[in-house]
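Enquirer: Below, each chain spelled out in residue letters.
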Amino acid sequence: MSPATGGAAAPVGIVLVSHSAAVAAAVADLARGLAGGGDLAPVLPAGGTPDGDLGTSSELIRRAAKAVDRGAGVALLVDLGSAVLTVKALLAEGDELPEGSRLVDAPFVEGAVAALVTASAGGDLDAVVAAASEAYAYRKE
Amino acid sequence: MAETVDAGFLVRWLVAVAEAVDREADRLTELDSAIGDADHGANLKRGFASVTETLAKEPPASPGAVLVTAGRQLVSTVGGASGPLYGTLLRRAGKSLGEDGEVTRERLAEALDAGVAAVSQLGGARPGDKTMLDALVPGVEGLRSSYEAARAAAEEGALATVPLRARKGRASYLGGRSVGHQDPGATSSALLLAALADTARTEEA
Chain A
1 MSPATGGAAA
11 PVGIVLVSHS
21 AAVAAAVADL
31 ARGLAGGGDL
41 APVLPAGGTP
51 DGDLGTSSEL
61 IRRAAKAVDR
71 GAGVALLVDL
81 GSAVLTVKAL
91 LAEGDELPEG
101 SRLVDAPFVE
111 GAVAALVTAS
121 AGGDLDAVVA
131 AASEAYAYRK
141 E
Chain B
1 MAETVDAGFL
11 VRWLVAVAEA
21 VDREADRLTE
31 LDSAIGDADH
41 GANLKRGFAS
51 VTETLAKEPP
61 ASPGAVLVTA
71 GRQLVSTVGG
81 ASGPLYGTLL
91 RRAGKSLGED
101 GEVTRERLAE
111 ALDAGVAAVS
121 QLGGARPGDK
131 TMLDALVPGV
141 EGLRSSYEAA
151 RAAAEEGALA
161 TVPLRARKGR
171 ASYLGGRSVG
181 HQDPGATSSA
191 LLLAALADTA
201 RTEEA
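Protein sequence lines correspond, in order, to chains A and B.
Counting from 1, one number per residue, gives the positions in the first sequence under this note's numbering.
Counting from 1, one number per residue, gives the positions in the second sequence under this note's numbering.
Treat each hint with caution, since some may be false.
Derived pair list, reagent style SDA-like, types lysine to any residue, alpha-carbon separation capped at 25 Å [unchecked claim]:
#1 A:88 - B:27
#2 B:45 - A:21
#3 B:45 - B:72
Counterexamples of contact, computed for chain A against chain B with all Cβ distances above 10 Å [stated by the list, open to error]:
#4 59
#5 67
#6 85
#7 88
#8 89
#9 99
#10 113
#11 133
If you are wondering where the hints come from, they were derived from the structure by calculation, not from laboratory data.
Every value quoted in this text rests on a predicted model; they were computed, and no experiment measured them.
We put the CB at the ideal spot given by N, CA and C, even for glycine.
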């Protein structure tokens, strides 16, 4: 589907899914802080369970995805295990997440920064996904 | 003996699963504390309690709809990986059954087989990886012969995970230290098929 369905100016939304509410929120803050000035694309954390425990909540993911959706697609970055499986299961369901939602295969922290920078610069969903995935290639030694 | 099963039978099965999970929750958690994060019992208990509640409130009309509803509920309420995995198993099986009001055991086995394939695809695991598939694959294969064969094969499959080294899921981080422990996911999968055999036996009596 075309990422431009919401109009050329509509940004891609980003959801950060972690087992920990604190991790998801902090990575969202970090990405916002490092993405620089100007208008930022919408990014929201979906961390932990609704009770505040460690885990994954399909309800929190659905809500965050809906909230960041501007019609240009939603990129979902995940940490591990049930976060990956829950997003995959929701995508397989078909109607649980906004149209154009995509699971991004990327490192969580670096991918979140790359995705937000790209989405805020006006990149479409393919560009956001590519930028986040490319973060795997950055070696630290 | 009932040759076909209806929506009511599948609801009774899932109620029996909820009871079995409730009864065995401590054992599942104990197995999970050895090689996982000690939440399998509590997670499944919460998930299947919610399934039972939802099915009691609005009983679906067809066997397929029962499984789809139950699967969706598991994805929504279980905070761990078992939610999307068991949710996918039941939902895909339910979709495979379609709208039919009654289905044969063979048809149920085929549908669950489609569910198992979807689970394998979702988690990327295969039999021998020390996961729920080690009980589900032989269990569903056994269901083609009889409910009791399904129970026996799933139980045997779960016990056979003890010497395996985990290659998928959180237990895989433990490497060789996962050897010697029965897999909690395979154990709960065996409970599912045992509850199915119990339900069938009660109907025959």
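Enquirer: Sort out which numbered hints this structure fails and list those numbers smallest first.
Expert: As far as the earlier hints go, 1, 4, 6, 7, 8 are violated by this structure, in ascending order.
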